[in-house]
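4 protein chains.
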Amino acid sequence: MAYHTSTEERPIDIVNIPALEPIVKAKMNKGAFGYLAGGAESEITLRENVTSFEHKKILPRVLRNVEKPDMSTELFGIHIDAPIIAAPIAAHGLVHEQAEKDTVQGVGAAGSIFSLSTYGNATVDEVAQASPDTAKFFQLYMSKDDDFNHWILDMAVNDGYKAIILTADSTLGGYRESDIMNNFAFPLPMKNLAAWAAKTAGPDSGEGEGIAAIYAKAKQKLSLADIKAIKDYTHLPVIVKGVQSPLDIEDLLNAGADGIWVSNHGGRQIDGAPGSFDTLAEIAAVVAKRVPVIFDSGVRRGQHIFKALASGADIVAIGRPMLWGLSLGGVQGVTDVYNHFKKELTIDMQLAGTQTIADVKNTVLADAK
Amino acid sequence: MAYHTSTEERPIDIVNIPALEPIVKAKMNKGAFGYLAGGAESEITLRENVTSFEHKKILPRVLRNVEKPDMSTELFGIHIDAPIIAAPIAAHGLVHEQAEKDTVQGVGAAGSIFSLSTYGNATVDEVAQASPDTAKFFQLYMSKDDDFNHWILDMAVNDGYKAIILTADSTLGGYRESDIMNNFAFPLPMKNLAAWAAKTAGPDSGEGEGIAAIYAKAKQKLSLADIKAIKDYTHLPVIVKGVQSPLDIEDLLNAGADGIWVSNHGGRQIDGAPGSFDTLAEIAAVVAKRVPVIFDSGVRRGQHIFKALASGADIVAIGRPMLWGLSLGGVQGVTDVYNHFKKELTIDMQLAGTQTIADVKNTVLADAK
Amino acid sequence: MAYHTSTEERPIDIVNIPALEPIVKAKMNKGAFGYLAGGAESEITLRENVTSFEHKKILPRVLRNVEKPDMSTELFGIHIDAPIIAAPIAAHGLVHEQAEKDTVQGVGAAGSIFSLSTYGNATVDEVAQASPDTAKFFQLYMSKDDDFNHWILDMAVNDGYKAIILTADSTLGGYRESDIMNNFAFPLPMKNLAAWAAKTAGPDSGEGEGIAAIYAKAKQKLSLADIKAIKDYTHLPVIVKGVQSPLDIEDLLNAGADGIWVSNHGGRQIDGAPGSFDTLAEIAAVVAKRVPVIFDSGVRRGQHIFKALASGADIVAIGRPMLWGLSLGGVQGVTDVYNHFKKELTIDMQLAGTQTIADVKNTVLADAK
Amino acid sequence: MAYHTSTEERPIDIVNIPALEPIVKAKMNKGAFGYLAGGAESEITLRENVTSFEHKKILPRVLRNVEKPDMSTELFGIHIDAPIIAAPIAAHGLVHEQAEKDTVQGVGAAGSIFSLSTYGNATVDEVAQASPDTAKFFQLYMSKDDDFNHWILDMAVNDGYKAIILTADSTLGGYRESDIMNNFAFPLPMKNLAAWAAKTAGPDSGEGEGIAAIYAKAKQKLSLADIKAIKDYTHLPVIVKGVQSPLDIEDLLNAGADGIWVSNHGGRQIDGAPGSFDTLAEIAAVVAKRVPVIFDSGVRRGQHIFKALASGADIVAIGRPMLWGLSLGGVQGVTDVYNHFKKELTIDMQLAGTQTIADVKNTVLADAK
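Residue numbers (the UniProt record's numbering), protein chains in the order written: chain C, 1 to 369; chain S, 1 to 369; chain V, 1 to 369; chain F, 1 to 369.
Since the hints were made in silico from the structure, they are not lab data.
This structure is a prediction, so every number in the text was calculated from the model and none was measured.
Mixed in with the good hints, there may be bad ones.
Heads up, the list lumps identical chains together, so a pair's fine if it works in one copy or across two of them.
[Claimed, not checked] Cross-link-like lysine to aspartate or glutamate pairs, in silico, EDC-like; alpha carbons within 20 Å at most: (1) Lys343 <-> Glu177; (2) Lys343 <-> Asp226; (3) Lys369 <-> Glu126; (4) Lys162 <-> Glu67; (5) Lys369 <-> Glu54; (6) Lys219 <-> Asp133; (7) Lys342 <-> Glu250; (8) Lys361 <-> Asp70; (9) Lys217 <-> Asp125; (10) Lys68 <-> Asp125; (11) Lys68 <-> Asp159; (12) Lys361 <-> Asp146; (13) Lys68 <-> Asp204; (14) Lys342 <-> Asp70; (15) Lys361 <-> Glu21; (16) Lys221 <-> Glu97; (17) Lys27 <-> Asp146.
This is chain C alone, in the form it adopts within the complex:
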């Protein structure tokens, strides 16, 4: 049976980001929505991703000569309009027929960076062709088969992707009960896997399988040496994604990591971990500005971005909200979501007395009482 999904291409009304989720839920396939929304086990970490932002409070400064705050910043020399980039997410085709081909355009129109997952519903090449001018990162789920790894990294390098995101937190699938209860399997092929399968006797496309089965076929035994191997092969910066412990930082930097991506995978991998924001400040303190810190998981408000930056993040990534925009409005919906985050962030910056992103980073937050 063909999988039917959104074909919308239109601007969307946004009062706030969280309000988009029930609208998306009402129109989406139940299993696919469960996959998108769900987290691991009891979903405590999933919920704490949002609530943990309340553990720190903004103390606005006054009479600080602020007007029209400047949200622009850069990452690996790439100028971006605001410190908000796309988190890599598998299978955008679940929410929109155009899948990553739309998302990348929407992200580009917002002046930001797109991150493509190995498990996308468009290939590395297709995404590059859909939006040549958008800066792009490629997220690698390492295969047990180095031929696959080399093939897909070659594509990314050749297509001008600017960095490799090494997924470190997903050597198995988290225990996601929505998927089990819905008996969810991907209704569409993961196009990179399909292209490789067409070319070789490699793993199949993922169509008809759940995420746990797909992760289990990838490489479990990831090691610090993988960082250098990817760097040497691609000559691109390697960002390690899925960092939650400050104890990992020295090892990762010694192993050559060019960026630290603090994330608990949107609460989808190990339940019982802290809300992602609760881990950020301590990790950033150990990184100590040696490499950029990117942060995701639970960002739903401009103030969340503000608090993450003030806690040591250089860049914040958004995941589910971007797909809500994709579902409701295609290219324009994605851009609208970015613009809404920017609207809230610019208000927060103005009201907090911060003219630049550097000012935000220098802000001291208060502990909640």
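Given chain C, put chains S, V and F in place with the hints provided.
Relative to chain C, chains S, V and F alone:
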């Protein structure tokens, strides 16, 4: 379509202050009520304004020779019957046809000080004429146009207003979702703006616009130098309103501030800030009695006033409750609200073993466990 | 209209103490129940009286040679079967026709001490006659009229009451909204007041008045000197009731207090005070065993008694639960309530590895995490 | 009337462990379910047994060369497939006709250790015969009659049980209100008691009595000397079960305890104690690896096992979940429950970067914020 609102002039029954809000809600225009009641974004700060008072507890003292506690105090040499004054609020006309002309009389009858907003529905002159004997402060939202600033400050000085409140926290409107969802615009002209518009090519009256649009037309780039400029121009004490960070205090005092008004604008500006009470003690400690500390946001009980004074406030201001009284009873309703606060405060002072406001200020609160 | 109330005299079934309250509520006059159950203002302190016990946890000890724990203890040389005595409460006639005459018998049958309020519905003499062998304390609400004070203290001394409880926390009535909303007034005379009124031109009996009016007619300006005056006049131990601040202790002991009664009056006086249990340990530490510490407010479980003793109380008093027993079963109901507390306490003592009340007092509680 | 219970023997579907409880509840006798599910008094400790695991958080490590984690460990030289053993529970016959005879087989099939209660519905011998190859511990509730103690310990020794669990926390029954409200009495004989009663004039079989009555007939006055007496008599390791206070540890080890079993008896004995997990780390720190630490109470997730091991436990025991499996699927249901815990634990170990149980134990947890 004409805007219909209360014309009540009568005493009101008050069991407690929070119980007034649903009564007001039931009789008010939905958009106007949403404007009055709402806060920014998720309204977390709005709610914490009230709940934060529970973070500190009163430990009553016994056998302390207390009888008929004396609530009187003073501010800038003005005697007041109790340490409770009016917070400045825009557009009292939303809740009562007589608008600020009634409120000022009700406040005066309660032996307190009235604060008029630039964005009132009565002019500086009209308020002065409505209650010549009531002590009054004028709250300035600075315009980009210094001619307007001078014109309105001249009026305040000439009409005998006793202090200027410089609004420091509102260089843009907070992101208030009630107003967006209700598509709320002010149904009545802001009379000072209207008078200026009639006289010049200045900004229009605000009628038909939302608060964000109005704030955006005012001056964004407020600076410490504005304090001295207003002082020099008016020779009146200048209170900086909207202070939330102890880091601002030295700068503000060095810049000439004659009073520090701790407030988060009733949770209406930046969500994700602490409950206002949570910021008070640390700010007051830095002020260290060099100038008066005024406190608002979330005050709904006599015990809240007690706790604020014991945390370093010299004076507490009330906002929404005063307008609930105005809505339900006009002049008398306003006075009744003040009297109810005084009734609760006098009981608390007696039971806590405190004879005077100085005793209250010297009380040591306990941290909640 | 005559006030109808319980005339029950029977044993009652008790699964747990809190379960009695809704049964009593269903059969009682609404205003009278509201008076009995209600607290001040928002009733936050009232609720925290019960929940504050969860701030400390029992860590049971094992293999400690415990069997049939001994709950007996003493206060001012009076042997009691368990460290549980009657808190003084006004107007037992609200819940039972026999009023304090039944309660004193039920308390005596439980091997405990009864405390009679000045504002009882039976006189000092009547209570003494109803149960001559029960140990009794008399709780004094001081009058502005020392003749009244001397007259009623003479009765207590002559009737063999063993101690005077000086009410220190009630120089005015707390702001109790149930009473206001129910327009509650006492339907029956306070018999001591009535006897004095019959004899003199003293204050009337309280019938038809609310508690705030009655308190307001008593003496507000209580002082430390009142302790010694009562001691000198009665030659009885004087316990100061209503202590919540450790800062008061040295003054009270220097002024001659023979006992410290930690209480927030069941949450009925000043809302915004801590749960009573939260104040106990610090106060007891300052008392440092110089005089007995009695504790009340919120005791509903045997484990509450255990925790209070382990936090420095020598004796725990129960209030509302005793009246629930009175309402449901008269004399026997009161005894049954005491026996239920003893049943739970003896289980707790056995399971916690504590043979005696001294062992319980030496137990170290853990902070809740 | 005959007691009807499950006779199921089949595999069961498990999405998660907590989801089994309502299914069991729907099919079970109300009183028996209440006995199984209920805790003491207000059941605060019962609830905190599960929620206390949220007080600590897992910070997963990345790129640590982990693949196919090894969950195997050992206890007293007994190899087990995972650090999960059976907690001793009375009266498995309440949930399944085959009672402990099924449970022991299911546990054995899972490669774990079974613990038989004195109050089982199968004798020491019957359990041994039902599954000779399964490693077994025997839980002793000491009788006042040493002849009984010797007789039952002889059986355990002769049947090859590997350790004696001395129940230290149950010298009386906790105050369990479900049992009181349901008027619950055991519908079936406790077979060890019945065998002894048949042989002697000893205590009867427990049939028709509640747990409190049964506990009350056992020995109350347990002492440290009992440890050595059992060791000398059996020459088996003695584990003291029901430890909650770090203050007990030195005494227990000095008295010869070969294992410390941290437990609050599933919240069934003393309410007002901490969640069991809240007591673990401090106790384990005092034990300091001198003897094994076993932990139970509230374990419902693989992550709970992970957190317990990382807090100092060597082995985790499961209670109610095992009986839910027994109820729903007999032998296979028990094994399925173990396998589900192992499935979650292995995912957690892989995702947390831990290859072995030793790695898990060396993991540093974060305090929840």
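Verification of the hints:
1. Lys343 <-> Glu177: Answer is between; shortest inter-copy Cα gap is 13 Å, intra-copy 35 Å.
2. Lys343 <-> Asp226: The answer is neither: 39 Å in one copy and 27 Å across copies each exceed 20 Å.
3. Lys369 <-> Glu126: So lysine 369 and glutamate 126 fail the 20 Å test inside a copy (50 Å) and across (43 Å) alike.
4. Lys162 <-> Glu67: Neither: 33 Å inside a chain and 30 Å across chains, both beyond 20 Å.
5. Lys369 <-> Glu54: both (10 Å within a copy, 10 Å between copies)
6. Lys219 <-> Asp133: neither (32 Å within a copy, 38 Å between copies)
7. Lys342 <-> Glu250: Close neither inside one copy (33 Å) nor across copies (32 Å); limit 20 Å.
8. Lys361 <-> Asp70: Only inside one copy: lysine 361 and aspartate 70 sit 13 Å apart there, 43 Å across copies, limit 20 Å.
9. Lys217 <-> Asp125: This pair counts as neither: shortest intra-copy Cα distance 23 Å, inter-copy 48 Å.
10. Lys68 <-> Asp125: Cα proximity of lysine 68 and aspartate 125: none, with 38 Å in one copy and 34 Å across.
11. Lys68 <-> Asp159: neither (36 Å within a copy, 36 Å between copies)
12. Lys361 <-> Asp146: neither (40 Å within a copy, 33 Å between copies)
13. Lys68 <-> Asp204: neither (51 Å within a copy, 23 Å between copies)
14. Lys342 <-> Asp70: Classified as within; 11 Å inside a copy, 47 Å across copies.
15. Lys361 <-> Glu21: Result: close neither inside a copy nor across copies, 30 Å intra and 40 Å inter.
16. Lys221 <-> Glu97: Neither. Shortest intra-copy (34 Å) and inter-copy (46 Å) distances fail the 20 Å Cα cut-off.
17. Lys27 <-> Asp146: Classified as neither: same-chain Cα gap 40 Å, cross-chain 53 Å, threshold 20 Å.
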